[in-house]
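Q: Going line by line, the protein sequences match chains A and B. Just so you know, we're using our numbering here: the first sequence kicks off at 1 and counts up by one. Just so you know, we're using our numbering here: the second sequence kicks off at 1 and counts up by one.
Hints are not guaranteed to be accurate.
To be verified - Between beta-carbon pairs, the in silico distance windows are:
| id | chain 1 | residue 1 | chain 2 | residue 2 | range |
| --- | --- | --- | --- | --- | --- |
| 1 | B | Arg31 | A | Ala77 | 32 to 40 Å |
| 2 | A | Gly16 | B | Tyr166 | 34 to 42 Å |
| 3 | A | Gly44 | B | His202 | 37 to 45 Å |
| 4 | A | Gly44 | B | Asp16 | 50 to 58 Å |
| 5 | A | Arg12 | B | Leu300 | 34 to 42 Å |
| 6 | A | Asp80 | B | Tyr47 | 34 to 42 Å |
| 7 | B | Glu311 | A | Glu20 | 20 to 28 Å |
| 8 | A | Pro40 | B | Arg31 | 35 to 43 Å |
| 9 | B | Tyr47 | A | Pro40 | 51 to 59 Å |
| 10 | A | Asp80 | B | Gln170 | 48 to 56 Å |
To be verified - Computed cross-link-like contacts, EDC-like style, restricted to lysine to aspartate or glutamate with a CA-CA straight-line distance of at most 20 Å:
| id | chain 1 | residue 1 | chain 2 | residue 2 |
| --- | --- | --- | --- | --- |
| 11 | B | Lys207 | A | Glu64 |
| 12 | B | Lys207 | B | Asp175 |
| 13 | A | Lys52 | A | Glu33 |
| 14 | A | Lys52 | B | Asp175 |
Calculated directly from the structure, the hints in this document are not laboratory data. Since the model is a prediction, treat every value here as computed from it, not as a measurement. No residue lacks a Cβ here, since even glycine has one placed at the ideal position from N, Cα and C.
Here is what each chain is made of, one letter per residue.
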Amino acid sequence: MPVPVRIPTPLRRFTGDRAEVSVTAADLSSLLERLFEECPGLRGQLLGEDRKLRSFVNIYVNDEDVRVQQGLETGVASGDTVVILPAMAGGGACACAP
Amino acid sequence: MLEARPLREPRKCCPDVIGAIGDTPLVELKRLSPKEGVRLFAKLEFYSPTGSVKDRVAKSMMERAEAEGAIQPGQRVIEPTSGNTGISLALICRLKGYPFTAVMPENVTEERTAMLRMHGAEIVYSEGAKGSNGAVEMALDMAEQDPSLYMPYQYGNPANPDAHYYGTAQEIIDDLGDVTAFVAGLGTGGTLMGNGRRLKEHDPGTKIVAAEPLQGEDVQGLRSLDDGFIPPIIDISVLDRKILVSNRDGIIWTRKLFEEEGIFAGVSSGAIASVAVRIANELDEGNVVFLVADDGNKYLSAGLWTKSIDELEAVDSTVWW
Chain A
1 MPVPVRIPTP LRRFTGDRAE VSVTAADLSS LLERLFEECP GLRGQLLGED RKLRSFVNIY
61 VNDEDVRVQQ GLETGVASGD TVVILPAMAG GGACACAP
Chain B
1 MLEARPLREP RKCCPDVIGA IGDTPLVELK RLSPKEGVRL FAKLEFYSPT GSVKDRVAKS
61 MMERAEAEGA IQPGQRVIEP TSGNTGISLA LICRLKGYPF TAVMPENVTE ERTAMLRMHG
121 AEIVYSEGAK GSNGAVEMAL DMAEQDPSLY MPYQYGNPAN PDAHYYGTAQ EIIDDLGDVT
181 AFVAGLGTGG TLMGNGRRLK EHDPGTKIVA AEPLQGEDVQ GLRSLDDGFI PPIIDISVLD
241 RKILVSNRDG IIWTRKLFEE EGIFAGVSSG AIASVAVRIA NELDEGNVVF LVADDGNKYL
301 SAGLWTKSID ELEAVDSTVW W
């Protein structure tokens with residue numbers, strides 16, 4: 001079964017504007033390869049020349065950052081969610097007053 | 001006949017309000033703990049002069065700057081801050097005689113702006129869409145252009161995690177002893193790095209868990225991934241888990257914290273509590289401690305306490321913490 005991969009706004013120009021791309025794979029590394037087959041422009045955005053995840057990109061499997069799991073070898077199963085997000089500094093709230 | 005006895009241990013008077021920073025209560029949450037045998041604790045950092053955990057950080061950074069001769073009497077201090085650090089620095093700088101400028105995104109709650117001005121801070125606004133990253137960029141630029149400014153730079157200053165290493169974590173060890181898991185929000189990284197290192201020194205088995213805000217669509221409006229920013233003080237190897245929390249869950253759990261345990265906290269605390277309970281659910285026994293960074297007052301104008309979740313418009317596009 002395919003796994004939905006959530007694409008962040010700055011990268012949607014590489015997915016034909018799709019916010020979500022479904023990919024079938026057993027681990028993150030293969031999932032990314034399949035994703036790149038479909039959206040070739042994403043490779044350079046997500047991986048460095050060393051084929052490692054670029055520092056300003058985070059990938060979450062079931063809301064858990066893979067860097068604190070098994071990295072690109074983190075397993076992925078049917079029913080999981082994958083989210084790609086740009087790294088952003090936090091440090092306090094700025095709630096817009098409605 | 002009743003015997004007179006002291007109600008509490010006497011403690012020394014604080015030399016000033018800065019001296020009252022730290023030594024916050026660690027409160028057990030029996031209602032929110034998901035199972036018997038797993039104890040859940042909240043460290044209430046709003047018991048502090050300006051009402052947030054950042055009082056520790058601001059005090060640590062300014063005292064270190066003075067001790068190292070990095071700042072001159074009366075020198076202007078500038079800092080990129082989305083609110084709490086700015087308010088803490090504004091108070092401490094005013095009491096110590098340093099003029100203070102906060103650089104923050106324009107889309108902050110009115111309470112934060114009001115409190116900053118009340119403390120005598122000057123405010124410079126950065127582009128709202130760029131969030132905290134934009135404020136950091138602008139402040140770094142201003143400090144580079146003007147050498148008369150002193151910037152503590154919470155994102156890269158070791159005095160930030162040290163405030164937790166020597167303060168927060170030590171208090172937890174003294175009050176509780178063994179910690180199975182410690183959960184806090186990932187912002188500058190100071191809370192997690194400082195507490196993480198000290199708690200793991202005490203017990204290498206302690207799990208350090210970061211709760212991270214899931215930024216909504218509009219907030220992700222960066223031109224490219226290279227606009228991203230990772231605070232220099234963050235060492236990811238200190239973390240055992242790093243978990244995303246949606247704004248919606250943060251809000252739901254902030255209300256639970258209030259309704260079930262009577263803790264009136266800010267949105268980050270709800271988000272962190274949701275992760276703490278998730279971790280607690282995975283354990284058979286142990287102590288799970290999480291940090292409540294501030295209270296709920298600053299979120300009143302955003303309707304957090306008065307509107308239904310459905311009413312809160314564009315929940316996902318707001319930066320709540």
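Q: Which earlier hints turn out false for this structure, listed by number in ascending order?
A: Failing hints, ascending: 2, 8, 10, 14.
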